[in-house]
Amino acid sequence: MKPQARPTLKPVIPGIKLSSGAEMPIIGLGTFMAKPEEVENTLDVALEAGYRHIDTAYLYENEAAIGKTLQKWMNSGKIKREELFIVTKLPMIGNRAKDVMHFMEKSLEALELEYVDLYLVHCAFGMEKRSDKELFPQNQDGTFALDMKTDIISVWKVAWAFLHFLFHMALVVYVLLISKEVQ
1 MKPQARPTLK
11 PVIPGIKLSS
21 GAEMPIIGLG
31 TFMAKPEEVE
41 NTLDVALEAG
51 YRHIDTAYLY
61 ENEAAIGKTL
71 QKWMNSGKIK
81 REELFIVTKL
91 PMIGNRAKDV
101 MHFMEKSLEA
111 LELEYVDLYL
121 VHCAFGMEKR
131 SDKELFPQNQ
141 DGTFALDMKT
151 DIISVWKVAW
161 AFLHFLFHMA
171 LVVYVLLISK
181 EVQ
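Here the sequence shown is numbered in full-length UniProt numbering, starting from 1 and rising by one per residue.
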């Protein structure tokens, strides 16, 4: 007997309604510290279990593995893009208005997606950008190379405006700033 194609899996995790009317699953798969070679299996298990909210970041260096796995699922017909809620984040080295689009494009390319559902500003401070690969630049004394010329308020205002521009270009569905107090 020939096996039949499986129907698209329905999410089993409840969601909350956002002010936009969209539904965001209340439980998501966090991918911090997930090695690219482990992501495919982990994501397969999570999607099979009903996860639809996937949280990643440029900083985690696993967006390409996530994108490959999501494409596999979408191409097989097991899941549709609109059933997913994908979150990624602007890295600290990109916390400048001139770098927001650059890092958004890099994330979209790696994730093999046309848009993300939520784009977060990872931290409300900037680090020196020496290259796209040096995610935590350090000074010669081993301390982090913070960008002390960054005007946090101006960066926030410009980044917020630029993220809304991305929203209107349909590259971002929701915009949120994560702000942590630095001691």
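Where hints are given, some of them may not hold.
Heads up, simulated EDC-like pairs for lysine to aspartate or glutamate below, C-alpha to C-alpha not over 16 Å straight-line [what the hints assert, rightly or not]: (1) LYS133 - GLU112; (2) LYS68 - GLU37; (3) LYS106 - ASP132; (4) LYS68 - GLU112; (5) LYS35 - ASP55; (6) LYS106 - GLU134; (7) LYS78 - GLU109; (8) LYS72 - GLU105.
I should point out that these hints are in silico values taken from the structure, not numbers from a laboratory. All values reported here derive from a predicted model rather than from experimental measurement.
Right, here's what the structure says about each hint:
1. LYS133 - GLU112: Violated - the C-alpha atoms of GLU112 and LYS133 are around 19 Å apart, more than 16 Å.
2. LYS68 - GLU37: holds (11 Å)
3. LYS106 - ASP132: holds (10 Å)
4. LYS68 - GLU112: Roughly 7 Å between the alpha carbons, so the hint for LYS68 and GLU112 holds.
5. LYS35 - ASP55: holds (14 Å)
6. LYS106 - GLU134: This hinted pair holds, its Cα atoms lying about 15 Å apart.
7. LYS78 - GLU109: Since the Cα atoms of LYS78 and GLU109 sit roughly 22 Å apart, the hinted pair is violated (cutoff 16 Å).
8. LYS72 - GLU105: Roughly 21 Å between the alpha carbons, so the hint for LYS72 and GLU105 is violated.
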